[in-house]
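From first to last, the protein sequence lines stand for chains A, B, C and D.
Numbering that gives the first Met the number 0 applies: residue 0 is where the first sequence begins, and numbers increase by one.
Numbering that gives the first Met the number 0 applies: residue 0 is where the second sequence begins, and numbers increase by one.
Numbering that gives the first Met the number 0 applies: residue 0 is where the third sequence begins, and numbers increase by one.
Numbering that gives the first Met the number 0 applies: residue 0 is where the fourth sequence begins, and numbers increase by one.
Hints are computed from structural coordinates only; laboratory data are not their basis.
Incorrect hints may appear among the rest.
[To be verified] Listed next, the stretches of chain C that the computed footprint assigns to chain B, with coverage defined by at least 3 CB atoms under 8 Å from CB atoms of chain B: (1) 91 to 101; (2) 219 to 226.
[As the list claims (entries may be wrong)] Below, in silico cross-link-like pairs of lysine-lysine (DSS-like), each with a Cα-Cα straight-line distance of 27 Å or less: (3) Lys71(B) with Lys256(C); (4) Lys2(B) with Lys49(C); (5) Lys618(D) with Lys276(C); (6) Lys742(D) with Lys191(D); (7) Lys306(D) with Lys429(D); (8) Lys736(D) with Lys256(C); (9) Lys251(C) with Lys664(D); (10) Lys61(D) with Lys2(B); (11) Lys113(D) with Lys71(B); (12) Lys664(D) with Lys188(D).
Yeah, the Cβ is synthetic: ideal placement off N, Cα and C, and Gly gets one too.
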Amino acid sequence: MVAVHLWSSLTRFTDGAREVDIDAQTVGGVLDGLKSDYPGLEPILDAGVSVVIDGEIATGRHVEIPEGAEVVLMQRLKGG
Amino acid sequence: MSKMHVTTTVNGDTVEFLADPRETLLDSLRDQLGLTGTKEGCGTGDCGACSVRLDGTLVCSCLVLGVEADGKRIDTIEGMSEDGALHPLQRKFIEHAALQCGFCTPGILIAAKALLEENSNPTEEEVRYWLAGNLCRCTGYDKIIRAVMDAAAELRQEAA
Amino acid sequence: MRYHTPSTFEDAAQLAAGAQGLTRFLAGGTDVLVQMRAGSVLPDDLIDIKKIPGVSDITKTDDGGWRIGVAVPGHKLGADAALRADWPGVVEGMELVGSTQIQGRATLAGNLCNGSPAADGVPGLVAAGATVEITGPDGTRTAKVEDVPTGPFKTSLAQGEVISAILLPPRGPNGGDAYLRFIPRTEMDIAVVGCAVSLTLDGDTISDARVALGAVAPVIALAPDAAKAIVGTTLDDAALDALARAASAACKPIDDKRGTVEFRTEVAGVLAKRAAKIAYARAKGA
Amino acid sequence: MAKDEFKEYRLVGTRPDRPDGLDKVTGRARYGADMSAPGMLWAAVVRSPHAHAKILKIDASKAEALDGVKAVVTRADFPTGLTGEEWNLQENTMAGEKALYDGHAVAAVAATSKLLAEEAARLIEVEYEVLPHVIDVDDAIKPDAPVIREGAANASVPEGMPPNVVQYLDFGRGDIEAGFAEADLVSEKTYKTEATHQGYIEPHACLGQLGEDGKGEMWVCTQGQWFIRKMCSDVLGLDTAQLRVTPSEIGGGFGGKTTIFMEPLSLALSRKAGGKPVKLVMSRSEVLRATGPTASASMDVKIGMKKDGTITAARAEFRMQGGAFPGSPVDMALYCCFAPYKLENVQHIGYDVLANRPKCAAYRAPGSPMGAFAVESLLDEMCRELGVDPMEMRLKNAVVEGDTASYGPKYGSIGLVETLEATKAHPNLKAELGPNQGRGMASGYWFNHNGETSVSLAISEDGTAQVSIGTPDIGGSRASIALMTAETLGIPYEDVRVNVVETGALGVNEPTHGSRATFASGKAAVIAAGQAIKEMCKRAANEWGIDPEAVEWADGAAQPAGPNAGKFPPMTIAEIAGKMGSTGGPISGHHESVPEGVGASFGCHVVDVEVDPETGHVKILRYLVVQDAGRAIHPSYVEGQYQGGAAQGIGWALNEAYIYDENGKLQNSVFLDYRVPVASDLPMIDTVIVEVPNPGHPYGVRGVGETGITPPLPAIANAIQAATGARLHDLPMSPPKVLAAIKAMG
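Chain A on its own, in the form it takes in the complex (with noise of 0.2 Å):
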């Protein structure tokens, strides 16, 4: 199980839970488990999120997530 921190205006399409268990390994079923869990975040991770794990930005859905790591969901950042 992996436990997601989402941003307070997601809280709306979970039930008010600011932290959600996910079971998953990488980032790729932290996203589809939101959406399967939690049906109304599926527009939202399909706009474009970043995953945060222990600090650093995944940079694909195949990251697996390590026992314990902090994962933190995020608008996705970009840059000028």
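Position chains B, C and D against the provided structure of chain A, taking the given hints into account.
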């Protein structure tokens, strides 16, 4: 709207072209003569990227008509190095990293050369005011000013 | 567009008088070419007056005044030490127009004929009491510089009329002038406020003065009350304050992208004081 | 990490001439508008003069009747059915039912000459029905504001929000009210920033060609050729691989050239004109009216502070408009605004709002400068009120490795404290100040970015190396990548040629954005060089008849690793390369990834100003930039990024702004009135490169391009207060505003 025949000297070479009288010297240089080193940044005389010398005078070629060049002498960035040797200003710009994107560089080099011909030992403030009509958005001007001052020092040494 | 290069002002005037569509005279071109590029002015006939003999000359007249050719660019004006010694305020006004590159082309006459209320070259001429020689299809006349602009980008020149010279009066002894403008940056801006002061001293006392304001009204104009405030004084603090108040009171500015009514009004007074001090020092020979 | 613990390198950290320097000082370098093609046409664009208007009719018959006019396109020439950002891009390229801002393209024409194309454009008649418009973000967010587009809001926006809110954001942690209750001083203020433009000196330019078969080519000035390819393909309904995009040299971008504006128009015109190449070059006025300036912002910030300077809680509520389309950087602004501070209790709320302005693009650290203006200004005001030294306050609350960032994740290796300490030690802080002079300080932050990256390296027959990269060189990155490659291979810097290549030559690369080129392309080049080294060791091992594992690479040559490997003289790269045809073929390396290990960069700026109390004119006397570069590969170009960022920030702070009239028309669409700093406006810009190496990069690189634009806005506001006592809360701090603020103090 008939075109006019223009004969002019560019970087020492006599050239001829046909110009629509509405066409700027900048467009004549770039589109008729293939001298694309002179750049257009604004078309209104506010950025200096199109700087050239017209009979020795520093001007914005976007504010000169092609037909006005008839019988005149024009110097552009393409003529700045002589016999394959870079002008000290050109060398110093590379050495001091005085360019990032390089788009304003030809105009600044032309303008700086005109300054050093008029004033071989300019102060930092004089360089800054002389180049106020040459916008650079990348460098904050610091390294440009240093490169011009250093080139001036080298030219003075050569002259001494 | 037809491009003409007449060799006399008479020919230039005839060309313009006979033209059917839109006509522009081309001297330095630093306004006309910008307008053509923006598509705001698309002339049918463009009359380049730079091939007329004498247009690039600056000559001292027999009475001790100056005749400035209409194609004299700013950098050439600035390089004339004798002219600068007589009328430094006129010269420094023109030198503030644009960049080094613009100075290679832009002319006093063009700056005047463009009709901008913010023209930096003009307040100095107005304060100096300069006139222009105008050639038209029916001959030549002269006019005061301040009578040329009639509104933003409008002039009193009739169809076919072209300015053929700018005439400065003799400076005379114990005189000095100065021009200051305010801009947000240090260079390359159009004046938000401009102020020229020309004065003559009798000992330490100002015997005669003219103050001209730019960018604070539809046209560049004299501010007679501002001049009155310093005539008869030694430019002491009270006179300077009165000058500032009168200069501010003469303003009829607008809010625009370059400044506000309040700002222009306030700064007109500040610049009038500062310009008067410089002109005074110059008159003293400092 | 102290400097002396540093690994010293042969090349990394030196300052050689940049490889493209000669081309750029001789006028030979070819930028967007410098390319021509046989049979080429010129294009011009017809743009809306209205801020918001229904397009009733477009009549191009007069234009089409001109001899030499070859094609006219309108939205009717584009495919339908696009959605999301693809639709946004298409709509921004060419207006459909409505013109959404002054300058929005409504038609385009191609003709045999530039002057003819412009004349034809003037003859295209467009009938409009003018609609009510809205420009200011605080007006646009009102419930009764003119509605710019129904249905543009995404799923993040709760029911009942005003109609122009298209994205809503709310995140934070801790107990914000409890945090404020702990404070000795709680302050809350509102700050506003106006839109500014990247102001690159090169206007957008492209030369496009597209045949009836859907195959096309484009030469274009861009930060990202693959982005251009994908976006043009989306907008025109093309197969992406059929379009080949070659980047020109680029005359500045700063984020503004990471997307499309008019590029699809040249392709659409080309297709309609029978496949003739079409050149399209924007005027400066078109650049300012119709490309991608940054957002304008209205920001409420509330902070609680103890007497000793400890921050107990912080709350930010930001409203930003990024034009008539979703995408203002309100999210980035919120992420960055409190990033330098350790916060237990923090809350962020953001609204992305539509207005009748051009679609914003990225601009150097998008969002971060606005947020910093609000937060760093308020912190300075609070330090004044409490009598706390602003530097000590920053040190006391500074984040360090392992801290949780205000926006969520934990920080890895960062150099904020080192940056602040280096600032504190700088002589500029001891310079004496005269009357009407004041000093201000502020911090800034940018995450930096990795992005899709693909790099190829090949060893040439003589042992020199070529590196193909996909990130256009916007400020000297060829030099830094050549340095790292040469360092790794053990060969001279001059033996490496770095080529920025077209879309056909590599896998997909993201643009040069997010301060990523030297980090990402550099890291990939180093890995690719490692692969080539491994292969060269193998070739030497085969030659020597020993195990490849027994060969190591040093000083540009294969060497037996230790005495057990046997005694062989080193085999140089030139020797190995010279025989490659007979020893197994070409030697190359290739790496593609989204590279891990991005290192964030903090900066601190200190500025001294002098304010004319009678005119409000602000003169910059002294300017100091201190920033963590991780490791400066080519220090001159790192300094250049610091200085350039500071100069742009100074312009934003003092005089740059989008100015609209009451009809929503842009009033300052030329450089005369869009006032970027000129040479005489600035002093020398002092720099200190702090080097806390990024463990995620083989040479310790952090991106350095963006952080530098962030601190100037608040630093100058803080300095103006120090000089005059007057506090400015709105940008730009132009003379009329400064004078009014001074007068308001009485």
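Now for the hints, and whether the structure bears them out:
1. Counting residues of the segment 91 to 101 of chain C whose CB lies closer than 8 Å to any CB of chain B gives 5, so the stated coverage by that chain holds, three being the minimum.
2. With 0 residues having a beta carbon nearer than 8 Å to a beta carbon of chain B, the segment 219 to 226 of chain C misses the requirement of three or more and the stated coverage is violated.
3. For the hint linking Lys71(B) to Lys256(C), the alpha-carbon distance of about 39 Å lies beyond 27 Å, and the restraint is violated.
4. Taking the CA atoms of Lys2(B) and Lys49(C), the gap is near 20 Å; set against the 27 Å cutoff, the hint holds.
5. For the hint pairing Lys618(D) with Lys276(C), the CA-to-CA distance comes to about 23 Å; that is within 27 Å, so the pair holds.
6. A hinted pair counts as satisfied when its Cα atoms are at most 27 Å apart, and Lys742(D) with Lys191(D) qualifies at roughly 20 Å.
7. Proximity of Lys306(D) to Lys429(D) is assessed by CA-CA distance (about 25 Å); at most 27 Å being required, the pair is judged to hold.
8. Distance restraint check for Lys736(D) and Lys256(C): the Cα-Cα separation of roughly 13 Å lies within the 27 Å cut-off, and the hinted pair is therefore satisfied.
9. Between Lys251(C) and Lys664(D), the direct Cα distance comes to roughly 25 Å. Compliance with the 27 Å bound is thereby established for this hinted pair.
10. Our distance criterion of 27 Å between C-alpha atoms is met by Lys61(D) and Lys2(B), whose separation comes to about 23 Å.
11. As the CA atoms of Lys113(D) and Lys71(B) are separated by approximately 25 Å, the hinted pair is consistent with the 27 Å bound.
12. For the hint pairing Lys664(D) with Lys188(D), the CA-to-CA distance comes to about 30 Å; that exceeds 27 Å, so the pair is violated.
Of the numbered hints given earlier, the model fails hints 2, 3 and 12; all others are met.
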